[in-house]
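Number of protein chains: 4
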Amino acid sequence: MPKSLTHITSVHVRFSECDPLNIVWHGNYVKYFEDGREDFGKAHNFSYTEIYTENGLSVPLIHMEMDYKRTISFGETICVETKLVDDPAAKIVFHYKIFNSKNELVCTGKTIQVFLLLEKKELMITMPSFFETWKKEYLK
Amino acid sequence: MPKSLTHITSVHVRFSECDPLNIVWHGNYVKYFEDGREDFGKAHNFSYTEIYTENGLSVPLIHMEMDYKRTISFGETICVETKLVDDPAAKIVFHYKIFNSKNELVCTGKTIQVFLLLEKKELMITMPSFFETWKKEYLK
Amino acid sequence: MPKSLTHITSVHVRFSECDPLNIVWHGNYVKYFEDGREDFGKAHNFSYTEIYTENGLSVPLIHMEMDYKRTISFGETICVETKLVDDPAAKIVFHYKIFNSKNELVCTGKTIQVFLLLEKKELMITMPSFFETWKKEYLK
Amino acid sequence: MPKSLTHITSVHVRFSECDPLNIVWHGNYVKYFEDGREDFGKAHNFSYTEIYTENGLSVPLIHMEMDYKRTISFGETICVETKLVDDPAAKIVFHYKIFNSKNELVCTGKTIQVFLLLEKKELMITMPSFFETWKKEYLK
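Residue numbers (our numbering), protein chains in the order written: chain A, 738 to 877; chain B, 738 to 877; chain C, 738 to 877; chain D, 738 to 877.
Just chain A, same shape as in the assembly:
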C-alpha cells in the first residue's frame, strides 16, 4: 500500500445543485471533490495559494474519474473523504469517497494534477522539492 493522508470534509447540498430528477446533477460532484481538496490543503498545510505564490507553480488537473453508486438529494449533508496517495511521479494524486447522510457510499473518484511552471508555461518532470519535503512530513 502506498503512503497516504486522508481528510474528511462535510458539505451541504444546495437546491441549485439538484436536477429535474430531484438528485444532485452528476457534474456537481466535481465541486464536492474540490471542496475536499481545498479543505485537505487547509488542514494539512498544503494550500494552492502558497504553491502558487511561493513556488510560482499552478497544479492543473490532467485526469478526473468518478464512479456513481447512489444518488444524493437536496438538503443532505454529505461527507467527502479526500486521500492524497503517494506517487513516485511528479504528480498529485487524490482519491475520493463521498458518503450520504446515512453514511452509505455514494461515489468514488480520483484526480491527477501536475506541476506547471507559471512563467515558462512548462510542465515539471521531476517533483518540486517543497512537495517532497511535505510528503516526508505528512504521508504515512
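Straight-line Cα separation of at most 27 Å, DSS-like style, residue types lysine-lysine; simulated pairs:
{"no.": "1", "chain 1": "D", "residue 1": "LYS820", "chain 2": "D", "residue 2": "LYS847"}
{"no.": "2", "chain 1": "A", "residue 1": "LYS834", "chain 2": "D", "residue 2": "LYS847"}
{"no.": "3", "chain 1": "B", "residue 1": "LYS839", "chain 2": "B", "residue 2": "LYS806"}
{"no.": "4", "chain 1": "D", "residue 1": "LYS768", "chain 2": "A", "residue 2": "LYS806"}
{"no.": "5", "chain 1": "A", "residue 1": "LYS858", "chain 2": "D", "residue 2": "LYS839"}
{"no.": "6", "chain 1": "A", "residue 1": "LYS740", "chain 2": "A", "residue 2": "LYS872"}
{"no.": "7", "chain 1": "A", "residue 1": "LYS847", "chain 2": "D", "residue 2": "LYS806"}
{"no.": "8", "chain 1": "A", "residue 1": "LYS828", "chain 2": "D", "residue 2": "LYS847"}
{"no.": "9", "chain 1": "C", "residue 1": "LYS820", "chain 2": "C", "residue 2": "LYS740"}
{"no.": "10", "chain 1": "A", "residue 1": "LYS768", "chain 2": "D", "residue 2": "LYS847"}
It is worth saying that the hints were derived from the structure and are not from the lab.
The structure presented is a predicted model; accordingly, all values stated were derived computationally and were not measured.
Given the structure of chain A, go ahead and fit chains B, C and D onto it with the hints provided.
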C-alpha cells in the same frame, strides 16, 4: 423615450440548468442575460475584450434586477432580447426580455455597469470617449 | 418600520465561483442568497420542504434585485444576513446583506416569493394561514 | 473495432464558465459532454425524453472520466465529438473528444449510463428492446 439598440439571441436550455421543480433555476437567468450582452457586443462592435484591452477598463455590474413571469423547461430554445438604453451618466444600462419557445414573455430584467480604470482601480465619473463615440454611431 | 426577523449564515467561497477577474462572478451571489434563505428556514422553523409537503404549496421567486458594492475573492468566508420583512400581501419578502471577511458590506439584495397551489397551479391571493400563524409567533 | 456512431456539436464558452486562471474550470467540461449527448440524441433519434416517457426508463450515469490535454478560454467556440460505442452489456457508452477553435485536441472522455426502471427503481440487466432496435439501425 431614450435612444436604444436591441439585439436578439437564442439560447438552448441545458438539463443542468433545471432544478427539482423541473424548471430553469432562477439564478441561471443571469447566464442568459450574459449570453445576451455578449452577443449584443459581437453584433454591434461593443466587445468587453476590446474595452478591456484597448481602453484599460473593466465594466463591473453594480445593479441587477429581474422579474419572473413564467417558467422555462429543459430542452426549450429561448429568445433573449437585449436592449442597450442611452443614459446620460457614465453607465452601461441594459434592459432584457426573455421569451419562451411559444414566444411568451418569461422574464424582464435590467443591469447597470460602470467603468473601472483597471490600473488605478478608480471608477470613471465621466463617460469614456470611446463609449460616447460608439453611442453616437449606434443608438437611435 | 415593518416587523422582521434576521438570520446570519456564513458561506465559504468556492474556486469555481470565481471568474477570470479573480472575483466571485456576479451570478453566483444568487446561490449565497439561497444559502441564507435555507439557513433562515432551518433556524426559524420555516422550511420549504414542509411548506411543500404539508401545505401543497411551492413558493416561486417573482422578483430578485441586487446592488453590488465590493468584490469577493476565492477563499473568503462571507456572511449573509437574511431578513424576512413583514408584508401585508400574500408574499414572502427577504432582504439580504452580504459582508466580506473584513466585515465590509459587499452586496445588498431583495427577493419576493409568492404562494402557488401546486395541484391547481394557481397563485394564492390571500396569505396562507400557516404563514400568518408563523409571522405572529416569529416576527417582532 | 466496435460499431459506433459519431456526432459533432459546437458549443460557445461562457464567461461564467472560466475560472481565475482565465481558463474553463475543469468541472464545466461535464456540461459540454452533456451538450454533446443531447445534440447526438436529437440528430439520431435517441432522445432522453422519449426514453423516459415511452419506456419508463431513466439512464443514470454510473461512470465518467476525462483527460485534459489543453485549456480553453472565454469566447472560444469549441467542438464536441460525441461517439456512441457499441457494447454487449445493457449500457450506453459514449466517448468524447473536445477540440478548441484551432482544432487542437483539448480533452478526451467517456461516460457510461445504465437503464433504470423508474417505477420499480430497478436496474435492467438485459438491454431494453428499443435500444437493440435503435442500435441495429444506427450503428455501423
